[in-house]
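Based on the sequences and whatever the hints tell you, model everything.
Number of protein chains: 2
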Amino acid sequence: MTYEELSIGTAISSWKLAITRLDQMFSSLRDKDLQREVAPGRNRVFYLLGHLTVAHDRLFPILGLGDRLHPELDEDFFTNPDRTFPEDDISATALRQAWSEVNSKLTADLVRLRPEQWMERQSAVSDEGFAKDPLRNRLALLISRTNHASFHAGQIRLAS
Amino acid sequence: MTYEELSIGTAISSWKLAITRLDQMFSSLRDKDLQREVAPGRNRVFYLLGHLTVAHDRLFPILGLGDRLHPELDEDFFTNPDRTFPEDDISATALRQAWSEVNSKLTADLVRLRPEQWMERQSAVSDEGFAKDPLRNRLALLISRTNHASFHAGQIRLAS
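Going down the list, the protein sequences come from chains A and B. Every letter in the first sequence is one number past the one before it in numbering that gives the first Met the number 0, and letter 57, counting from 1, is 56. Every letter in the second sequence is one number past the one before it in numbering that gives the first Met the number 0, and letter 92, counting from 1, is 91.
Hints were generated in silico from the structure; no laboratory data involved. Treat the hints with care, since some could be wrong.
[What the hints assert, rightly or not] Below, a list of computed lysine-lysine pairs in the DSS-like style, where the Cα atoms sit at most 25 Å apart:
id	chain 1	residue 1	chain 2	residue 2
1	B	Lys131	A	Lys15
2	A	Lys15	B	Lys15
3	A	Lys131	B	Lys15
4	A	Lys104	A	Lys15
5	B	Lys104	B	Lys15
Below, the structure written as structure tokens:
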């Protein structure tokens, strides 16, 4: 393997591991368990499942991989805090399915990126911003989202 | 910057960010706040501060960077669960200092590694294991520990 393949391969392998661990945690919880709060008065697991689905879905346009799959989830799980609305608009089954669908497509797309594409700027960063800070590339975003997933995985573990 | 510098620089920048965020969380908590549990019946922040200090201290030998600074913390914070012993053996001040000391030295050492050293095997992996899986390199370990830090940061946030 070339250096490029090794370094990107390492980052993708870490991403896959974070998703697999979350998959296992979500699978171990029944639909009604998803209603548990990770700590008293804090987010429900159900909200975090939606929140992570949205965070990953938003990577498609930011990484230049195409359109989002589930922009309709933003209002409930990203732009507003948990329990903003009295009832959940989506069933646990549909939310689990959106989570799986987003991660499967995203991971398949990530694996297809060429090494040089990983070092190109994120679409949210301007040319000037990127000239000043060449670390604001696609790879940085993947590592950042992997850490974001781990951050919430630590919380979900408390309700598992 | 070369591809090697960019990919390693991205991973180190993500590590530094994770440490900075934890530093901010720990600084915002008074010594007595460190005694809070992250959720009812779960680890105290004090334990997680020690646990992360040990996890990072253990990287020195695993990454071939020299001896550990605080092996004496293992029993209280790594090999046993929280509150195994009726009293804490170390003061909050000393534990905060160990945390800072370990991360400062480790980060300084990481920055000095050459690109090719990042792709060498971890000392805990055999030659045969590494031949089968070349992704078990130093870079993979840094990314893994960064995610481990984020995992517990998510929990500590609940007590902040």
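Each hint tested on the structure:
no.	hint	in the structure
1	B:Lys131 with A:Lys15	holds, 19 Å
2	A:Lys15 with B:Lys15	holds, 22 Å
3	A:Lys131 with B:Lys15	holds, 19 Å
4	A:Lys104 with A:Lys15	holds, 12 Å
5	B:Lys104 with B:Lys15	holds, 12 Å
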